[in-house]
Amino acid sequence: MNPLVASSPARARLLRAARDPVVVSGAAALALWVVAALVSPAFASWDQILTLLTLASFLGVIAIGQTLVIIAGGEGIDLSVGAVATLAAIVASRHMDGSNEDLLLAVALSLGTAALVGLVNGVGVLVFRVPPLVMTLGMIAVVYGFVRLYTGGRPAGSAAPALRALVTGDTVAGVPGVLWLWLGLSVLVVWLLRRTSFGWRLYAVGGNPTSAYLSGVNTKAVKLSAYVLSSVFAGVGGLLLLGYTNTVFLRLADPYMLPSVAATVIGGTALIGGVGGYVGTVIGAILLTVLDSFLRVLQIGGGDAPRQIIYGLVLLVVLSAYGRQRRLRQ
Amino acid sequence: MRPGRAGLAALTGARMPTVATAVLLVATVTAAALMQGNFFTPYGMTANFATVLPVATVAVAQTIIVVSGGIDLSIGTVVTLSSVVAVVLMDGDPARTPLALAAGLATGAACGLLNGVLVALLRLQPIVATFATSFVFGGLALLVLPTPGGAVAPAITAGYRQVVAYLVPVPALLLLALWLAWRLLKATRTGRYLYAVGGDPAAAYASAVPVSGVRVLAYTAGGTVAALAGIALLANSGSGDPFIGNQLTLGSIAALVIGGTRLRGGAGGAGGSIVGAVILTLIQNLVFFAGVPTNARELVNGAIIIAAIALAGLLATRGDRAARNVGRTV
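Line order of the protein sequences matches chains W and H.
Numbered per full-length UniProt numbering, the first sequence finishes at 330, counting up by one with no gaps.
Numbered per full-length UniProt numbering, the second sequence finishes at 330, counting up by one with no gaps.
By construction, these hints were calculated from the structure, which means they are not laboratory data.
Among the hints, erroneous ones may be present.
[Stated by the list, open to error] Over 10 Å on every C-beta distance to chain H, these chain W residues come out as not near it, computed from the model:
{"#": "1", "residue": "A42"}
{"#": "2", "residue": "M135"}
{"#": "3", "residue": "V275"}
{"#": "4", "residue": "R327"}
[To be verified] Cut-off 25 Å, straight-line C-alpha distance, at most; resulting in silico cross-link-like pairs (SDA-like, lysine to any residue):
{"#": "5", "chain 1": "W", "residue 1": "K220", "chain 2": "H", "residue 2": "L263"}
{"#": "6", "chain 1": "W", "residue 1": "K220", "chain 2": "H", "residue 2": "K186"}
{"#": "7", "chain 1": "W", "residue 1": "K220", "chain 2": "H", "residue 2": "L311"}
{"#": "8", "chain 1": "H", "residue 1": "K186", "chain 2": "H", "residue 2": "L25"}
{"#": "9", "chain 1": "W", "residue 1": "K220", "chain 2": "H", "residue 2": "L314"}
{"#": "10", "chain 1": "W", "residue 1": "K220", "chain 2": "H", "residue 2": "L25"}
[Said to hold, decoys possible] A partial selection of chain H residues facing chain W, derived with a Cβ cut-off under 7 Å:
{"#": "11", "residue": "F39"}
{"#": "12", "residue": "L121"}
{"#": "13", "residue": "Q125"}
{"#": "14", "residue": "V136"}
{"#": "15", "residue": "V292"}
{"#": "16", "residue": "A296"}
Don't be surprised by glycine CBs; every beta carbon is placed ideally from N, CA and C.
Take the sequences, apply the hints, and build the full model.
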């Protein structure tokens, strides 16, 4: 420890804040938004901010489960979230079929299907000891295979009006319902992680599974519930997406698969497990959404390609800021 | 992990997946020979090996990286980028072929070098870093060749379909050459460094192994081999496509896991990955030839692949399960 730093608590606190991923990514998101607003003043409008946050909410909700699975450790990662979100949206849209009549049944059915996928993921990882990366990658093929069989290649139905209103229509105190829902879910998840014994067990299992096991934590049950919750939240994200797009298509939520991991990591949840939290993930989701929208607004010539390249480069810069591993030499 | 345990785990880890892989190989080849009437004819062999070679080559590229303790989620886009660079420079002109192929290989090496620098020197987490570069490489591929097109020199496509000595297709010979090259690498000091760094980077560092250098080298070698896969894809299809290899990332990881390479690094090898790629390709053919309805094909295919991975994993981990319950192997 540098004595100079230790001698001045205020400065130490400042330094610690400057290294806190939540602060860093929050500042990066804000800076990006300011640049975007300077280039295209529309970004600064209240409506545009709400639109951005609505877009971020889909990624944010899908990334809830990703955060839980990554915190639970053991190389935990869930790459099937995009496929599961698509599956949930497709199941829901068929049963809603554009009316509010079967809303509850449709929601229950689609989240139940999602939970089932999470259960299979968990069993594969915990019982058959397939590495999570491989298990959840493999499940993508299975889930899309099921979607193809279920829909015959042409998804049917559309969102219930109530769901559509939640995402694109009604506002409460000037803010769309979906943002209130995201806020509620965020508070719930943060409370779950910080104030409940489930949260403590999750961190314990992710930090050191052996000592968690020896302390009487049922490590398998904790990890299994993380995988099930991951799929359920991915399903919720898929339902919200359905409310936004109204009709579904195959691969609807595919673009959310790896960004959910990126948002989690940008938010300071380390892939080694046991560290991090959901607040960072929220900021990460907002950062990625602002970046994506900004690059779309810029309309650089040459179609999708330059946007993709810049997206990748900025992601690298953000990760280099603090998403780094320890040195071997200490 | 204590030395004795490590030795035991290495022994069982090397033996059990080999058994599982061999069982799977025999099962799939027998089933393929029964269902595919022309399996053992020159035509059948050529067709099968022409499809297997690109997948197997990417799997070998991924294996080099995984054995050294990394992973490359951008490998599919590296394949794509190097193939479009080669095809655009070549444009059907035999005179420009050597230069174009060299440029393709150099592109793959440069991509790998970038990944290696990000992971080894900037110490970014491999999963997210290579996810970010996959956007960069995929975007660059779209810039180089916006729409499918370009022609491969006829000599390459014709040579790829040749059959030597009545039954040995050229792709099979190339596959053999690839495996021999891996054996050669494995026999060198660099090859042993790869395993040392992947198995326990701290111990390797303490033993004066240039850990960062070995990691950069592994990614660069992986990128170069991925470029070879891109050229094989070109030879097989005859023209360029800006998405040609992007789907291969999942296949490469599945193939190496089925082949018994440990995803955490330090154990396994390219021989198993080649066999894994053969098994994966044969499973796809089987699902096709077994007359599974078109809409169910993807589901059946995905389920069989997961089952194969689970079988390989179950047999592989039985040996060191005791070790894993005692201490967390990092």
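Each hint tested on the structure:
{"no.": "1", "hint": "A42", "verdict": "holds (25 Å)"}
{"no.": "2", "hint": "M135", "verdict": "violated (7 Å)"}
{"no.": "3", "hint": "V275", "verdict": "holds (12 Å)"}
{"no.": "4", "hint": "R327", "verdict": "violated (7 Å)"}
{"no.": "5", "hint": "W:K220 / H:L263", "verdict": "holds (21 Å)"}
{"no.": "6", "hint": "W:K220 / H:K186", "verdict": "violated (37 Å)"}
{"no.": "7", "hint": "W:K220 / H:L311", "verdict": "holds (20 Å)"}
{"no.": "8", "hint": "H:K186 / H:L25", "verdict": "holds (23 Å)"}
{"no.": "9", "hint": "W:K220 / H:L314", "verdict": "holds (17 Å)"}
{"no.": "10", "hint": "W:K220 / H:L25", "verdict": "violated (32 Å)"}
{"no.": "11", "hint": "F39", "verdict": "violated (25 Å)"}
{"no.": "12", "hint": "L121", "verdict": "violated (10 Å)"}
{"no.": "13", "hint": "Q125", "verdict": "holds (5 Å)"}
{"no.": "14", "hint": "V136", "verdict": "holds (4 Å)"}
{"no.": "15", "hint": "V292", "verdict": "violated (10 Å)"}
{"no.": "16", "hint": "A296", "verdict": "holds (5 Å)"}
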